[in-house]
Amino acid sequence: MPPPGYCPAVTAPLDVPETTAQAVAPVLVPGEAVAGRSPWRIAWTRLRRDKVALAGGVVVVLLVLVALAAPLIVGLLGHPPQEFHYEKIDPDLQVPTGSFGGVSGDFLFGAEPVNGRDLFSRVVYGSRISLLIAFLATLLSALLGTFFGVVAGYFGGWVDTAISRTMDVFLAFPLLLFAIALAGVVPDRAFGLSGDALRITLIVFIVGFVNWPYVGRIVRGQALSLREREFVDAARSMGASNRRILLTEMLPNLVAPILVYTTLLIPTNILFEAALSFLGVGVRPPTPTWGGMLSDATRWYQIAPHFMLFPGLAIFITVLAFNLFGDGLRDALDPRSR
Amino acid sequence: MRRTRRLAAVALGAVAAMALGACGGPSTGGSGGGTGGGGDTAKAEANAGIGGIANPSDAKGGTLRMANSSDWDSLDPADTYYAYAWNFARLYGRSLVGFKAAPGKEGAELVPDLAESLGTPNADATQWTYRLKPGIKFEDGSVITSRDVKYAIARSLDKDTFPNGPTYFNDYLDLQGYEGPYKNPNLDAFTAVETPDDRTLVFKLRTAFAGFDYLAGLINTIPVPQAADTGARYKEKVVSSGPYKFETNELGKRFTMVRNPNWDASTDPIRKALPDRIEVAVNANADDVDNRLFSGDLDVAIEGTGVQPAAQGRVLADQALKANSDNGLAGFTWFTVLDDSVAPLDNVHCRRAVLLAADRTGYQRAYGGATGGDLATNLMGTNIPGAQQFDLYPSSGGTGDVAKAKDELNQCGQPNGFTTSISFRAERPKEKAAAEALQQSLARAGIQLEIKPFPAGDYAKLYAGKPDYSVANKLGLKVYGWQADWPDGFGFLAQVVDRRVIKAGGGNTNLGIRIPELDARIDQALGETDKAKRDAIWTGIDRTVMENASVLPGVWAKGLLYRPPNLTNVFVTGAWGMYEYTALGTTRR
Amino acid sequence: MLAYVARRIVAAVVLLGIVTVATFAVFFLVPRLAGATPQDLAARYVGRAAGEAQIQAAAERLGFTDPLYVQYGRFVKGLVAGAEYDTGASVEQCPAPCLGYSFITQNPVLPDLLDRLPVTLSLALGAAVLWLVSGVAIGVLSALRRGSAFDRAAMGVALAGVSLPIFFTGLLTLSIFSYGLGITAPGGSFTRLDENPLLWAYDLLLPWITLAFLYSAAYARLTRAGMLDTMGEDFIRTARAKGLPERTVVVRHGLRAALTPILTLFGLDLGLLLGGAILTESTFSLPGIGKYSVDAVVQNDLPKVLGVVLIGSMFIILANLVVDVLYAVVDPRVRAG
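Chains D, L and G, in that order, give the protein sequences. Just add 580 to the spot in the first sequence (first one is 1) and you have this note's numbering. FYI, this note's numbering numbers position 352 of the second sequence as 338, with every residue one higher than the one before it. Just add 32 to the spot in the third sequence (first one is 1) and you have this note's numbering.
Don't take each hint at face value.
[As the list claims (entries may be wrong)] Ranges of calculated distance between the beta carbons of each label pair, as one might list FRET restraints:
{"id": "1", "chain 1": "G", "residue 1": "Leu230", "chain 2": "L", "residue 2": "Arg263", "range": "20 to 30 angstroms"}
{"id": "2", "chain 1": "G", "residue 1": "Leu34", "chain 2": "D", "residue 2": "Arg816", "range": "31 to 41 angstroms"}
{"id": "3", "chain 1": "G", "residue 1": "Ala273", "chain 2": "D", "residue 2": "Val835", "range": "38 to 48 angstroms"}
{"id": "4", "chain 1": "L", "residue 1": "Val457", "chain 2": "D", "residue 2": "Leu657", "range": "57 to 67 angstroms"}
{"id": "5", "chain 1": "G", "residue 1": "Val62", "chain 2": "L", "residue 2": "Glu95", "range": "49 to 59 angstroms"}
{"id": "6", "chain 1": "D", "residue 1": "Leu652", "chain 2": "L", "residue 2": "Val457", "range": "38 to 48 angstroms"}
{"id": "7", "chain 1": "D", "residue 1": "Asp672", "chain 2": "L", "residue 2": "Arg507", "range": "33 to 43 angstroms"}
{"id": "8", "chain 1": "G", "residue 1": "Val123", "chain 2": "L", "residue 2": "Glu233", "range": "23 to 33 angstroms"}
[What the hints assert, rightly or not] A few chain G residues that face chain L, going by a derived Cβ cut-off under 10 angstroms, partial list only:
{"id": "9", "residue": "Ala68"}
{"id": "10", "residue": "Gly83"}
{"id": "11", "residue": "Glu84"}
{"id": "12", "residue": "Glu92"}
{"id": "13", "residue": "Arg93"}
{"id": "14", "residue": "Pro127"}
{"id": "15", "residue": "Asn139"}
{"id": "16", "residue": "Pro218"}
{"id": "17", "residue": "Phe316"}
{"id": "18", "residue": "Val330"}
{"id": "19", "residue": "Asn332"}
Source of the hints: derived by calculation from the structure; they are not laboratory data. Being a predicted model, the structure only gives us computed values, none of them experimental. Glycine is no exception: its CB is placed at the ideal position from the N, C-alpha and C atoms.
Bound-form chain D, shown alone:
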């Protein structure tokens, strides 16, 4: 499908050693720099040689720019995303006149059935919602996952047990179902918010919250093995506080895996947001979202296939770019996977 929360590289088996996640990090031991080449430099050199990953990275940057500059781009190349263009629509068939949904220099992706809104503008604006939610939700997952993962891995014992079991409970839920049910019952005015702001906040929290165990599990595994390393022992024997060890010894060494898996979580979250919008519990109309457009397109794809094609391709390209870049990043940071 893949179900949201499903990310092949991240899905680690429950209660089995994190086979896919082990030893991803170049361990940053203070003073380890060999001949002036820090692990980060090595990784950067590797990444630079990986043309595919770089291409993915470039597309990601472009997409972010498109999202940021959406009003500018639409101003130059399109029509306002909410503006109706009845003149583009065949009054009997309700679909745009002209070939392939009325694709032309004026309407780059053609027009939406019924109301003739500029599909290009809507796809461009859709990237804002998609990326905003994916980034924020991923950030939330990463923060929660890192915190609980490090704490569980470092302290071990009952703390570890409690956190690990909690993560098990999360992973045992049909998360998408849970998410749509939750997004469906929240009223349209809550927490002092309303409209798009409320929906976006809500979805960020739902997506971010259901996905944190994926990060948490990996970080825990890493922290578990780091805990036994000499430099942690050394710090401990020198009387460093737990807080200090966590912040200055453990965390810097966890940056690499966290970076890799949060990068790989972004595309998963983009798909998750699209799925929620597709199922009708995302950001409200008329604000354009890719999943919402696909949902609308289900009524029209037999006679107006362009309506499903452009938002679908937008999701595909975005997710692919993030996956390519994330894969490259992982390869660069983890010599074993080469």
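Since chain D is already given, all that's left is putting chains L and G on it; use the hints.
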């Protein structure tokens, strides 16, 4: 009424979404695509089933294959509120009186069914008497008595068991506190319906009701043998009094019906009963249903709401398909209610500004363009006998008059416009399109709308139909639609514009229209026995509602119905605004 | 070994218990936090002519006015011993295990779910076989011809596969193969296996392929990585040195070692899929558990939602359990840990 109310139940993202109302209607004027197109044979002609009979035949036999892209609310006559369900129920049940099986307006006339004649009222129309024809039998051969009819009505009163069915008998019978046989098994306590002998029924009403025959025609009067009643489970095995009885019934999936040997055609002025067997599939995919109609694998799409957008494109573009289609006015009016308790819409000038600023062609496009319906100018469409069309808010081409709207805004004290919310039923893409179109066109006058979708199942109960919720959330505009429970002014208007039916607890079908002067006129219409005078009162009420700008009329719905060539005796009846199911036959053996 | 399995089973049961508590709490607390009163909840289940007294009576009759733990206790009791629901007119039986009773459709939830299970099961199992076979085959071939055109093309397609949402590919394949070329069944088609096996396969072919495409991509990638890992290990070199045929080396030694994590993932995916074929079934309009759950959410039918979440969780936990046990069989070290 809201016979498509629970169509909502269909899947969210799925292709099954549909929102059109019933379709086809008695508009003999051919307000649809005209009778152009003419196929290769003389028989197949577009709109032949409107005002006339397409492919007439008396040949019996064969299997009629029907499919429903959603599901019945219930097959139990006490618990269903869809137009198609009322139409279909006539295949397995007979009510006291019923609509004539005839094309167009004639189909909206009542004729006696179980009863010997239409009802006999007392002087002030508060008491009505019916006499059953002798010797009509249930499927098991037992004779139907007046007590069976009385029992059926009694059980239909229990809305805890049957939440879906109409409530007219609860509202108008002089119940004296009687709550139905499940709470009070003593049927003699149900004094509002008396059965002096096995063939006579006497109804006692709370108030005068000159159009009571319409109530006697409700499916609630389809007899139910008390011994076979299993309460909420009766829908699994309904005992037939009509020409067909259930053979198998897998609820939620499919059922089959075969001839009822104890049905006597000579007592039945309505039903033709041509096919030997009827097969019905439930919860089919709506697009799939259309494709199967075209390919000949299916005969009837039961909901009668017309084909989906994809199929509509094919029919309109293909002369051969178009020749086998009917596109006429239906009973539904799609409109938006302006809640007069939500400021600033409590001011009539602000409401008028909304009506003037709206681009009604956008509303029409949202419902499928000209094929989906005619531009509505008031509430009751011409499918209702006696109704009149008038336009109090004219604009060129129906696209709105922004200058006049701004003028009204000035009078309302909101010269720069105002902000309010518009609600719609989330599962209905056409209502969403209508809300978006209104958002666009009202913005021209500075009226800003925030769009709010709600689950259709709870729309009336918890949101748009709940007064305190509407005020708290500023639901000023509410996208909605209505079809008459029966084709007259009362059947259409009473549940939508009478302020006295608004309950504080929610569940209202009047979404916020409070016009005190209507109370007396509605009561007057109820007791008026002269039909012409009655119709005039209802038309006047319609006009007052428009003067008050309580409703933004959108579309008088039409649907594009497809009739496969093997289907015989096909016509759209004025009673339901869809094909008359008791008349259909098939040439496929 | 037995002790380990027993421990895992106990853990799984406890986990399921926690899941019910969490689900119950969320779905009963969230509407209340959002401002819904017990009367609001009850209003949805009474007839449209109901007055406030009637709504209040219904709220009490249905137990919505009771505190959360009382309602949860009732739910668990129903699960274990069955339950009776007073619908006002009659008392409806919901035999154990009672997953809940829908007051909207007026029937117990479990029979509904069992009724739809064959659809979801058919969908999941058929697709699973397809994706496992094709994914592993492609992965092995790619690993053996590392760097070749085949490898690069396969991995490219695989990456595309994991980047596509099924509600897009589903519509795409439907429009091309079902409505364009007319060679596969249109959306919404399903025939039971015991009614007509050929038609069953024909109806499900397109959903299977579409679903398998997304999953096999992940499996191809994982198999390839695993094969590359193991083929470099000492025991493979030893096997080759012994003069075993390359075919035997690859299949008996290489693939076998690489297969463990794949089977692990497979078990988990299957559990997830059974628990949530939501998007697939929505896209193809298949009347399975996934579509049922979306409908339940749309109608706000909480007993149904609760039931589906529980069934879904059960599948996932069950799959985990099976994987754990299998893992222990394969790898003795796990048992000790």
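Each hint, compared with the structure:
no.	hint	verdict
1	Leu230/G x Arg263/L: 20 to 30 angstroms	holds (25 angstroms)
2	Leu34/G x Arg816/D: 31 to 41 angstroms	holds (39 angstroms)
3	Ala273/G x Val835/D: 38 to 48 angstroms	holds (42 angstroms)
4	Val457/L x Leu657/D: 57 to 67 angstroms	violated (44 angstroms)
5	Val62/G x Glu95/L: 49 to 59 angstroms	holds (52 angstroms)
6	Leu652/D x Val457/L: 38 to 48 angstroms	holds (41 angstroms)
7	Asp672/D x Arg507/L: 33 to 43 angstroms	holds (41 angstroms)
8	Val123/G x Glu233/L: 23 to 33 angstroms	holds (30 angstroms)
9	Ala68	holds (8 angstroms)
10	Gly83	holds (7 angstroms)
11	Glu84	holds (5 angstroms)
12	Glu92	violated (13 angstroms)
13	Arg93	holds (9 angstroms)
14	Pro127	violated (15 angstroms)
15	Asn139	holds (9 angstroms)
16	Pro218	holds (5 angstroms)
17	Phe316	holds (9 angstroms)
18	Val330	holds (5 angstroms)
19	Asn332	holds (6 angstroms)
Hint check: violations occur at hints 4, 12, 14; the rest are consistent with the structure.
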